[in-house]
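Sequences listed follow chains H and G, in order.
The first sequence begins at 0 in numbering that gives the first Met the number 0 and counts up by one.
The second sequence begins at 0 in numbering that gives the first Met the number 0 and counts up by one.
Careful: at least some of the hints might be erroneous.
[As the list claims (entries may be wrong)] Label-pair restraints from in silico Cβ distances:
| hint | chain 1 | residue 1 | chain 2 | residue 2 | range |
| --- | --- | --- | --- | --- | --- |
| 1 | H | A24 | G | F382 | 24 to 32 Å |
| 2 | H | L8 | G | G406 | 24 to 32 Å |
| 3 | H | L8 | G | E97 | 58 to 66 Å |
[Claimed, not checked] Take a look, some chain G residues computed to stay more than 10 Å from chain H by CB distance:
| hint | residue |
| --- | --- |
| 4 | Y52 |
| 5 | G110 |
| 6 | A120 |
| 7 | A124 |
| 8 | Q209 |
| 9 | R215 |
| 10 | T251 |
| 11 | T254 |
| 12 | S282 |
| 13 | L316 |
| 14 | L351 |
| 15 | L355 |
| 16 | V391 |
Hints in this document: simulated from the structure, not taken from any laboratory.
All C-beta atoms in this analysis are idealised placements derived from N, C-alpha and C, irrespective of residue type, glycine included.
Now for the letters of each chain:
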Amino acid sequence: MSLLARNTLIALGITVVLVGTVAYAVNYLNQQRVVELSAIEDQLSIDTLSLDTQFSLLETAPCDTASSTDLTGELTDLGNRLSYAESQLGSANAEVIRLKEQYSLLEIRDYLITKQLAAACGTKPVTVLYFYSNAGDCADCAKAGYALSYLRDAYPQLRVYSFDYNLNLGALKTLITVEKLRDALPAFIINGKHYYGFTSLADLEKNFPKGALATTTATSSRP
Amino acid sequence: MSPALIAYPFLFVAIFFESFVLVTFLSKPARDARRRAPASGNYPKVAVIVPCYNEEATIGGTVESLLALDYPQDKLEVILVDDGSTDATPATMRQHREQPNVKIIRKENGGKYTALNAGIAATDAEIIGCLDADSFVDPSALKEIVPCFDRAEVAATTAAMTIHEPHNLLEHMQNAEYTFGVTLRHALAAVNGLYVTPGPFSFYRRSVVQALGGFREGHKTEDMEMALRIQRAGFEIDNAPRARVYTKGPRTVRTLVKQRTRWTTGFMRNVLHEYRDLVGNPSFGALGLIVLPIAVLAIVSGLILFSLFLYTSVANLIVMISVREGIPFGYAFTPSLPRFDWFYIPSSLYILLGVLAAGASLVMIAMGKRLSRSPQPLSVGLFAYTVLYGLVAPLWLLRATADVALGKQRRWK
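Please take these sequences and the hints and turn them into a complete structure.
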């Protein structure tokens, strides 16, 4: 075999091995992300169930011991990670869809607990249910999502729950039916009131209850 | 089709070519070339031709460096050819007329190739070299070059070229690029894959050059045209990786783009027209099957990858600005601190293959420095090459492609 042919074959072999190794590493890293997300979700499931059980056990005086604030913070972190994993693996990835379904369930559960705690303890949390679509049929969803991220960072007491409208999840479909939500995205349910479409941050802020965004120390830069 | 999918084949070819160069670098012919001892005892007569056109600023230093070569002076002839300069070049040349081994020729301006032919006609040395008048040689360079001609099939030899005293980032970038070229030339010479014998200190066998009809205009790249003609005639082009020569690089983006546009149009016009038969031709081994096809592909991929980069950058910028519209500036445009969390490590195949290809280039630059034993510092060059090259190279690729497509001719300087 000539030197040229030999070197060409060796180089081709090296290239295939290198590209294969990189592809394997990328796949491995993505799988590890899914594993980590699953672990976080499992922990959150336990936390949610624990809070739920706590609430049931201490039904008469739940306000002193039960709080879902930490849980909401963890949910936000999980949402950020899930969003990043979706950008890496694609929104059609089966694992991503499974994790999103689980995440949505946790969000609904946290939302219900928050409502129960508010009713029992007389607190007035501001909750936002945000429905979006990333199937290419919602031009303003990216803007709405970013504006809500800003509001959540600026006003940490806000409880924002984001749902992929197209997710085929029974609980989510029921929530949409119960809330009588129209198929017009982006859609917001702010403290029970429905709003559709997004024009600007200023317009969105007008939909919040008076004082809800003013009573805390808003930050103008990233935390 | 996503931009990443378009980029994958080019990245695969880039990694393959770098692997090929590294494997060839480690093969026996290259190892033997690295072990080759400098000339000692047997010194053939050598003539170095310095073609000049308005080089008053550098010609003095160029001649001084030639006269300081560690080579028997009675075997070394320096031929200064003034190609009709209109500045002080002739006067500077005259300062060396008393030197016994310096010959000065003055002629009407006719282009670099005519000056080289005039120099060849004025000597009977069998080994003839060319040194651009903005380049300076290391004293040991000629002794490294001469042994390459021990093999009869070698008709030309190239040197190890780097940038002379780089100052600004652009010069440092070119120095890194030239150092990359040291590794590349050394490895490709082992499989006779060179298609250019650069102006700074390339040497030729006089009998071959004359048999082939001397230098031609070659679309303003006479060094490339001659190398391709040598290859087509069945000779070999060797490389002396420790024959150090330092050349002045363009100091501004404008002059760099002008220079590289000339080189790239020269390549395209020579390789895609007169020497098209070499591309993909198995008779020409590595040159025909690997080097020339990949050199053509490099231009195409450079243009496509830059276009994709531009398209995705602009599209992302538009989305970024549009999404942030109406959000307080301090929040929207304050860069967030990097998150030290493995979860967020960018890990797309596209990015990692690009990093792999770029990393291999940096390794080859480091190898070039070690191989040539060049004294030039490289740290700034590695940084400049990484950051700048991908941004400025598309400028000359675009300009050269447009010139070739439109048949536009540009002046040399």
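Structure-based check of all given hints:
1. H:A24 with G:F382: 24 to 32 Å: holds (26 Å)
2. H:L8 with G:G406: 24 to 32 Å: violated (41 Å)
3. H:L8 with G:E97: 58 to 66 Å: holds (59 Å)
4. Y52: For Y52 (chain G), whose nearest Cβ neighbour in chain H is about 40 Å away, the distance exceeds 10 Å, so it holds.
5. G110: Per Cβ check, G110 (chain G) is outside 10 Å of chain H; nearest 36 Å; holds.
6. A120: holds (38 Å)
7. A124: holds (33 Å)
8. Q209: holds (30 Å)
9. R215: Given a closest Cβ separation of 29 Å, the condition holds.
10. T251: Non-interface label stands for T251 (chain G): nearest chain H Cβ at 37 Å, farther than 10 Å.
11. T254: T254 (chain G) is indeed farther than 10 Å from all Cβ atoms of chain H, at 36 Å.
12. S282: holds (12 Å)
13. L316: holds (14 Å)
14. L351: violated (5 Å)
15. L355: Violated: least Cβ distance 6 Å, not greater than 10 Å.
16. V391: holds (27 Å)
Consistency with the previously given hints fails for numbers 2, 14, 15, ordered from lowest to highest.
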